[in-house]
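Chemist: In the order they appear, the protein sequences are chains L and S.
Reminder that position 127 of the first sequence reads as 126 in numbering that gives the first Met the number 0, one-by-one numbering, no gaps.
Reminder that position 246 of the second sequence reads as 245 in numbering that gives the first Met the number 0, one-by-one numbering, no gaps.
For the record, the hints were derived by calculation from the structure and aren't laboratory data.
Don't take each hint at face value.
Covered stretches of chain S, as calculated for chain L (at least 3 residues, CB under 8 Å) [stated by the list, open to error]:
no., stretch
1, 71-81
2, 102-116
3, 168-177
4, 213-222
5, 232-238
6, 250-259
Here are some chain S residues the structure puts well away from chain L; computed CB gaps all over 12 Å [to be verified]:
no., residue
7, Gly-34
8, Leu-35
9, Ser-266
Positions of the beta carbon are idealized from the N, C-alpha and C atoms, including for glycine.
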Amino acid sequence: MITNRAQWLILLGVAGSVVGTLTNKGLLAHASLAVLAWIFGEWLLFRLRVELQLRHLRCVRTVNGSTNDSGTLWTGRRVNVSVEIIPERSVRIPFLRLRDWQPENLTIDRGDQLDLNESGGSPNEIDASISGEGSVEFAYVARPKGAGGLQFRGVSVCVFDLQGLFIAKRFIPARQSFRVLPTSSAVDVTAPTVKRVNVLPPPGIHRLQRAGMGSELLELREYVPGDPPKAIAWKVSARRDQLMTREYESEVPVRTTLFVDCSFGTKHGEFGKRPLDQIVGLAGSIARSAMSVRDPVGLVVCDDATAQHMASGAGDRHFFQMLDRLAENSVNTSPPPVRFTQQLMDEVWRVCEEMHPDLLVPKINQVPFTWFPIRRGKRLERFRRTRLAAVFTELYSLPVDQPQNLIFDNARMAEVCQRFLIDAGYGWTWPVVDRRPNELQDWHGKFEVLCDALTRVVARSHDHELFVLLVDLLDHPDPPGRLADAIRLARARHHRIVVICPCPDDCRPSSLNVTDLGSQQSFSRLLSQAERARRISSAEKLQRTLRRLGVPVAFASDGRAAQLVLAEAELARNGRSSRIGSR
Amino acid sequence: MQQANDRRPRFDSPKSVAPSNDALAASTAYIIFAGLSALFVSLWFSPNDSIITIMVAVFLMMTLGFRFWSVALIFLMVQVGLFLVEPGSVGGYSYSPGSSLAAIGVLALLISCCRYLTLTSSPAPYRLSNRSSVQVAYFHATREPRKAFAPFGVLSRDDSTVGPAELFTMLARTVLPVMAISVMLTLVPLDPDMPNTARLIPPAVRTITLGIILLAICVLANSLLSILVWRRLSPSEARIFARSELSKWIHREVSRVSRRRIRFRNSRRH
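Just chain S, same shape as in the assembly (with noise of 0.2 Å):
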């Protein structure tokens, strides 16, 4: 059983509690991956490009303290930074180690951050208005008590429960999808003399495909998880499924008949 409620280090208050060695050795082996991640990624830049490239990395990481827009500039930065550097390939994509192991490197990248900041501060909710999502960053980067995110609904975490072997977990998820990815980019390559049958440029077939490829492969994914899920709703979730469902075919109707009703009863009430 874990007593959980003794030990509840606070990273987001200037006046919090000491961390506890486990939630700091989290938080610290996080941005360590984090910065050698971009040592990683920097070195498939020509070195004038390094040096910039980990300057901007570096001034990215200084920034995490603005928490939600973070992690995507630092993905920003090094998708332009990939975009400028490398030479378009007429030849279409050939499985090289080296370019999987820069995508592993930008995934650990975005993996440590998103961690790092996950640990010392919360996710936010979806569907902040812009105007909120300004005033949280701000609370974000000057390290307001959790008290202060309330009004927003946005939740901070209070407690690093990680154990260390979520720090091996993230090594496999950063080479599972570059592999995936690898395999479906081989097995869709760029041919540049296939017949020109849609009038389409072939990058452009070649995208087309790969995006109805990953469509299809998160539909199935959605509906397999439904099938599971829906075999597993409770009574009252049936209830209202089949209540909400009904209605869809014959709202119109009864909206009309309440409507009406109302009305008559409040002329009778005049």
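Just chain L, with the same shape it has in the complex (with noise of 0.2 Å):
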């Protein structure tokens, strides 16, 4: 690609050259041609060093010490990413810039390189030249945002030569696939849920304070017939001249069972903002301050059609199968259709530029001349659109008609774009999916599929588990009727439901001074501020309506949430009714 540098000094030297022969201005003519054979030689350069040199560049890139293709990283945990520009035979390239491609799910630490952020230099960015074998390395710190997965693609490179006259655009595939589990924090646990006084209990006991066939002694009562003679205590009786029975503890575990709501409504958003973040690092946490007490924990993931269940199970190899079942559901793989709009003609284009350069090459991939369009600006998108239509073909191995297809079925051309833009590690946000208005058909199947996976689980339990439902209810205060149905049939089985939300703007609904709202000046903060008091007014309904229930309702970014479970964990281990009422 020519600059506008080297267009004008071509102009110039033109001119210069075909005025001085005319003129016979020997010095005139001598100068602009001479100006004209050096940019001429450059461009020879150029295009050697571009097409011949650039080539035999290799990249590796070294995350957390390790070249390996996959691996396993954690959200919001350091990752330290190292790259290597590795020349295979001895090149000159004297000035490019390399920017390692950063998926969307992947935040850059800029921490310890302030100078450079303030004047808006990025950390996966350098300049520097290669001559000979040596190779160029940088490093940059990063944090994965969202679980799911994460796909480092390769390395973008700008070539440019010493007198900005030529500027070319390739990439170097490096691929590096990782899964990005949610990471789990520990819990602070209100009331202890172990015995404190003697040794911790064999791995799957527990105490519960109901008359069982434990080793803890619970209570003394009068004898009834039929009690066992060895139950009798006898010193108590002797003291108090009639017969005394010992009523031991029963030493069972409490099972938790975690359902996940992975659908569309949840999984819409930037990577880290969504509320299915929010649900699966809370999960996380949960499962793990459950097993830390060796609880057996359960899993439902449900999305807008189909319920998964996992076994409830205990120790860390159910653990980190649980983390595994989360991200791989966390992972967008199957989005809705989207419509065909320019914006996402524009966002699939810059990236395909940065991605692919080489084949959206002119010389390679042509475009058939055509008369219509005529006007410029159109021309300019149908060239594109067939460029990229090209570019599909080859990437999804396409059929050969679909080129043409493509240019002109705007749907199958939306469709292939949200599949190139997710493939590129594109979240769910505009313009990759539109969000529907209330998404009331997704509400429905939700709903449906939750109400069947809690129906089918209460009539496989047994008595006193604990149910957790992370799931989205904020925009839907009125559950429907069956899924009260279905938290009325576990209540009366005698098991605990606790319901977290997640909140979109990551902060708790909490009261919101209205007063407040005279003040804001922008009209951004005060739409933002509308839709807080809404989503306020939505979750005190919420509360109401399934306190009513006899259910508790927390939301995710409160740091309480896990609290309440684990509160209500104990609740359901003591047989209680309430934190202070009696059993």
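From the two separate chains plus the hints, produce the assembled complex.
Modeler: In structure tokens, the structure reads:
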């Protein structure tokens, strides 16, 4: 690609040469022709470097000290990335800019490079020159934003000549795929859930303060005919002059089942700010805390159409399997179709220019001549669309007649564009996915699946189990009757249920001072305040509705949500109906 | 292995960190070269003209902040100066070391300015609209930080990785084109006695001849490079090229079929 500078110099050089030779001004002609010859020589050298030498560059990326093609990362934890560009043979490229492709699910840590931040530089970008077989290396620190997957694609290379006359872009592929597991945090339990006066009970054994066959004394009561003689407390009976029977505690674990909502609404948004990220993070924390006291934890993952069950279990292996399942369901795989828009095309073109610049070169990806459209803007759009169609046909091995179909079929083109962006690591945000108004059809599907799953789990459960519904209900504060019925059924079988809702703005819906609204100046802030007020009202309504059913509600952004779940587990273990109530 | 990450001096930012010694030396060297070249070029003008030329050159070098057009402006001014100062020669071009030295001076001036600009800011992409170009030029002039350029797709250089050897390659870049052009101009002389078969004045014939020779060299070089590059295409590139060549022949028919199919499908939906 020629720059403006070269364009102007060529224009002036040609003009000077023509004028100089026509008017027999030797110096002018000589100087102008020399400038043209110089630009021609630079062009030859630049093209040789780009076409021949650039192909010999290889990229090796080291992520957390490993160069493997796959691995595991954790959300929010530091990832040390080091990129090395190695020439396979001796090359000489005096000026190139290297930029490691940044997936959308990755945020680059700029904490130790404040100077560069102020001037707009990015740590994953570097200017360099390569001479001989010496390699270039740069490193940066990043953090995955949300659970699911993360793919490093390669390094974008921008080559210049030293005079700034020509620019060329290429992409050196270096693919590495990582699964990103949710980071679970340890939760401080308000009430002790383990016996502190003695050694830890063996795995799977818990104190349930109900009469049972355990080894710990629960209480003494009067003898009832039929009590086993070995249970009679003889010393106490002698003191009181009547037979007394010892009752022992029951030792059973409290099984916790997590119902995780992975429907469309929870996946929509930027990585790390999706409702699903809050849900998955909290599910991991709850599972870890419950397993730390040896409670078995089960998992039910619900989306708009299906529910996947994972049997209860305990131990590290089960915990990691559970995180794997959560991460797997956090990956955006099959999004709903999107409408074809110009913004979608622009975004796709931008990404394609960066990731596949070699496939968009006009000499290779040629556009057939047509008379229409005549207008320059429309014509440019048609050219772009034709080139993109050719690239998609190559990337996705489409049939040979597909390029023409993609050019004229907006729906099909939108589908392929969406697939391309999601493959490039884009989240379910506009323009990749449209948010449908209220998503009523999704709500119905989601509730059906959730009700079925809850009813099935209740049917299989024993008693005093804990069900945690991590469901986005804020936009739907009146759960349908069937969900209320399923909750009533679970409550009737003495199970405990907790509902935890994600919050889109990552802050707890709390009381909002309405008088503050007047002081907000900008329209967007007013809008966000109005949205927040709506959410608060909806949260209050939801809490009122579910409280009537005996179900506590918490919000994922609230740090006490996990504690609430553990407190409910403690209640289930004690057999109490409330924290201050009696058995 | 070059550990280039630890030194990333910023020239284009008011909050920049101090540039490294290498970078400072390179950019300073280029601006000194530019000044010296301007002085050298001005020697070819008469004393009064030389003062004016020096002033113009200094003024233009002060406007290097405008980035995009400054080199072109300098070149234009030099061309105008040469056009006004030099009397037209009747006898055509005769090789003289003086004219070659003048051409070397002009080329050294342009290359120095270009390199200075490349070191301190950025090459601009092609196909910026005029309005965008003006905005980007304004940002360059006001030394805006790099992020201000991002919406325009303009890249700015934030590091000087030019080795000292590049300073010497510049000399080769100035001498070789001038010598090549000298040879070519000597081979294609202005011949006033040439029979006027094409009903053109001799300078026009010479201009056309030179143009044809230059064009032939360009086409030949481009063809050779294309052949060289063609054999190194990746399989994906080759497939896309083959498909695009095929679609050139049949795209009208296939387009018609596609459009009818889509129309038929839409009509069935409604």
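Chemist: Please check whether the stretch 71-81 of chain S has three or more residues whose CB lies within less than 8 Å of a CB on chain L.
Modeler: Held - the stretch 71-81 of chain S has 6 residues with a Cβ nearer than 8 Å to chain L, which meets the minimum of three.
Chemist: Establish whether the coverage given for the stretch 168-177 of chain S by chain L is satisfied; the threshold is a Cβ-Cβ distance below 8 Å, and no fewer than three residues must meet it.
Modeler: holds (count 5)
Chemist: Between the stretch 232-238 of chain S and chain L, see if three or more residues pass the 8 Å beta-carbon test, and mark the coverage as holds or violated.
Modeler: With 5 residues closer than 8 Å to chain L, the stretch 232-238 of chain S meets the three-residue bar; holds.
Chemist: With a cut-off of 8 Å between beta carbons, are at least three residues of the stretch 213-222 of chain S near chain L?
Modeler: Held - the stretch 213-222 of chain S has 4 residues with a Cβ nearer than 8 Å to chain L, which meets the minimum of three.
Chemist: Just checking, Leu-35 (chain S) versus chain L, shortest CB gap more than 12 Å?
Modeler: holds, 17 Å
Chemist: Under 8 Å between beta-carbons, do enough residues of the stretch 250-259 of chain S, three at least, approach chain L for the coverage claim to hold?
Modeler: holds (count 6)
Chemist: Find the nearest Cβ of chain L to the Cβ of Gly-34 (chain S) and say whether that gap is larger than 12 Å.
Modeler: holds, 18 Å
Chemist: If you count the residues of the stretch 102-116 of chain S with a beta-carbon closer than 8 Å to a beta-carbon of chain L, do you get 3 or more?
Modeler: Three-residue rule met by the stretch 102-116 of chain S, so holds; n is 9.
Chemist: Just checking, Ser-266 (chain S) versus chain L, shortest CB gap more than 12 Å?
Modeler: holds, 14 Å
Comparing the model with each numbered hint stated earlier shows that all of them hold.
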